[in-house]
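Start from the sequences and build out the full structure, keeping to the hints where you can.
Here is how the chains run, residue by residue.
Protein chains: 2
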Amino acid sequence: MKLHYAQFSRAVRVAWLLEELELLYEIEKYTIGERALRESDFKKISPLGRVPVLIDGDVTLHESGAIIQYLLAKYSSGFLEKEPTDSNFHQYLQWFHFAEGMIMPPLNTIVVETVLLSPDRKNETNVRRATKILGQILQTVENRLCEVEYLAGEFTAADIMSGHALIMSAHHGVDLNEKPKCKRYIDKLMSRPQLQKAWSL
Amino acid sequence: MKLHYAQFSRAVRVAWLLEELELLYEIEKYTIGERALRESDFKKISPLGRVPVLIDGDVTLHESGAIIQYLLAKYSSGFLEKEPTDSNFHQYLQWFHFAEGMIMPPLNTIVVETVLLSPDRKNETNVRRATKILGQILQTVENRLCEVEYLAGEFTAADIMSGHALIMSAHHGVDLNEKPKCKRYIDKLMSRPQLQKAWSL
Numbered sequence: 014m015k016l017h018y019a020q021f022s023r024a025v026r027v028a029w030l031l032e033e034l035e036l037l038y039e040i041e042k043y044t045i046g047e048r049a050l051r052e053s054d055f056k057k058i059s060p061l062g063r064v065p066v067l068i069d070g071d072v073t074l075h076e077s078g079a080i081i082q083y084l085l086a087k088y089s090s091g092f093l094e095k096e097p098t099d100s101n102f103h104q105y106l107q108w109f110h111f112a113e114g115m116i117m118p119p120l121n122t123i124v125v126e127t128v129l130l131s132p133d134r135k136n137e138t139n140v141r142r143a144t145k146i147l148g149q150i151l152q153t154v155e156n157r158l159c160e161v162e163y164l165a166g167e168f169t170a171a172d173i174m175s176g177h178a179l180i181m182s183a184h185h186g187v188d189l190n191e192k193p194k195c196k197r198y199i200d201k202l203m204s205r206p207q208l209q210k211a212w213s214l
Numbered sequence: 014m015k016l017h018y019a020q021f022s023r024a025v026r027v028a029w030l031l032e033e034l035e036l037l038y039e040i041e042k043y044t045i046g047e048r049a050l051r052e053s054d055f056k057k058i059s060p061l062g063r064v065p066v067l068i069d070g071d072v073t074l075h076e077s078g079a080i081i082q083y084l085l086a087k088y089s090s091g092f093l094e095k096e097p098t099d100s101n102f103h104q105y106l107q108w109f110h111f112a113e114g115m116i117m118p119p120l121n122t123i124v125v126e127t128v129l130l131s132p133d134r135k136n137e138t139n140v141r142r143a144t145k146i147l148g149q150i151l152q153t154v155e156n157r158l159c160e161v162e163y164l165a166g167e168f169t170a171a172d173i174m175s176g177h178a179l180i181m182s183a184h185h186g187v188d189l190n191e192k193p194k195c196k197r198y199i200d201k202l203m204s205r206p207q208l209q210k211a212w213s214l
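Protein sequences appear in the order of chains A and B. Note that the first sequence covers residues 14 to 214 in our numbering. Note that the second sequence covers residues 14 to 214 in our numbering.
Be a bit skeptical, because a hint or two may be false.
For chains that are exact copies, the list does not tell them apart, and a pair is met inside one copy or across any two.
The calculated lysine-lysine pairs, modelled on DSSO-like cross-linking and capped at a C-alpha distance of 27 Å, are [stated by the list, open to error]: (1) LYS145 / LYS135; (2) LYS57 / LYS42; (3) LYS56 / LYS196; (4) LYS57 / LYS145; (5) LYS56 / LYS145; (6) LYS15 / LYS56; (7) LYS210 / LYS196; (8) LYS57 / LYS15.
If you are wondering where the hints come from, they were derived from the structure by calculation, not from laboratory data.
Here's what the structure looks like:
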């Protein structure tokens with residue numbers, strides 16, 4: 014398998030899962046924003062110029078959530094998932110989808126405004142609005158982490174999806190001072206050797 | 014089962030799937046933006062005040078993608094899904110996740126700016142940027158629909174997720190004049206009685 018990867022991107026989720034599953038993979042490394050991602054060679058495998066892309070034999074796959082479901086279905090034999098008969102099955106699904114459905118849209122706005130756009134194009138209203146919404150969204154994660162250690166009870170791929178989104182929020186300066194459970198959860202995830210490896214390939 | 018539903022929301026996806034699976038359900042109906050969605054009774058079941066919410070016995074579940082995966086796993090016996098052994102399995106996953114990962118974030122920006130905010134707070138730069146990105150994103154759907162009739166080959170839940178996102182794009186005035194395959198695909202989906210029912214509950 015080959016993973017097209019960039020640090021601080023959703024490709025970290027895929028590398029993290031590959032490490033957790035102890036699968037062998039090659040990486041092709043990029044930097045977010047670099048020219049190669051907009052060039053025609055890369056656009057042949059990723060028309061929108063995004064990472065991650067996973068290539069597994071004759072399968073080329075985009076979207077971190079899709080890649081993670083694919084890898085679990087093909088190679089995990091149930092490890093890091095919850096079965097439909099498990100009492101946490103719905104929690105697993107909900108927190109898996111919470112990453113892209115809830116956390117990432119306002120976080121993307123913050124990243125675009127504070128990292129990708131030149132300072133003269135930055136719009137404070139957009140940042141303030143996204144920061145407020147993201148605060149409310151992360152409060153629901155905080156409330157969940159008051160009840161459980163991991164989002165679906167035990168460590169699962171839901172933590173890879175939404176945990177990574179939380180780590181990225183902290184990385185981009187989102188204030189977690191009133192969210193001690195989120196902070197502790199991030200520390201616990203970051204202490205996993207599999208994530209440490211995936212974080213700095 | 015009870016579905017908390019609003020027209021023009023992601024709850025339509027869930028109702029659509031419930032209709033396709035011929036499952037019985039009650040609905041509790043709201044209007045997007047209405048006060049009841051921000052009141053404490055509703056926030057007990059949906060802390061962020063969002064629809065859809067599905068209640069199935071003692072399970073309460075948010076996030077349309079999660080609810081759809083839940084319903085398929087519990088009640089569809091493989092109908093409207095692709096199995097891991099199917100050659101379109103990865104396409105199924107990719108286009109399932111494409112809805113929230115790609116189409117919805119810029120579409121949300123357009124909806125916030127043109128529907129939810131008062132006209133004096135509307136930011137033309139945000140609308141223009143989101144419209145441009147969404148155009149590129151929908152071009153990849155157009156390209157896919159030059160090859161296949163439905164996103165994963167046959168009609169599946171990937172069409173419920175990304176098809177609905179496409180229909181919502183058209184509903185909010187996104188220009189599809191140079192995307193004839195997308196237009197034809199929307200017409201084909203809208204001709205399904207199950208979607209017609211779900212659209213106007």
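Classify it for me, LYS210 with LYS196: is the Cα-Cα distance of at most 27 Å met within a copy, between copies, both or neither?
within (20 Å within a copy, 45 Å between copies)
At most 27 Å between CA atoms: does that hold for LYS56 and LYS145 within a copy, between copies, both, or neither?
between (35 Å within a copy, 18 Å between copies)
Which holds for LYS56 with LYS196 at a C-alpha limit of 27 Å: within a copy, between copies, both or neither?
Only across copies: LYS56 and LYS196 sit 25 Å apart there, 37 Å inside one copy, limit 27 Å.
Give the relationship of LYS57 and LYS15 under a CA distance limit of 27 Å: within one copy only, between copies only, both, or neither.
within (15 Å within a copy, 44 Å between copies)
Cα distance capped at 27 Å. Does LYS57 pair with LYS42 within a copy, between copies, both, or neither?
within (16 Å within a copy, 45 Å between copies)
Treating 27 Å as the Cα threshold, decide for LYS145 and LYS135: within, between, both or neither.
The answer is both: 17 Å in one copy and 18 Å across copies each meet 27 Å.
Given identical chains, is LYS57 near LYS145, meaning Cα to Cα at most 27 Å, within a copy, between copies, both, or neither?
So LYS57 and LYS145 pass the 27 Å test across copies only (21 Å; inside, 38 Å).
Pop the pair LYS15 and LYS56 into one bin, within, between, both or neither, using alpha-carbon distances up to 27 Å.
The answer is within: 16 Å in one copy meets 27 Å, while 44 Å across copies does not.
Of the numbered hints listed earlier, not one is contradicted by the structure.
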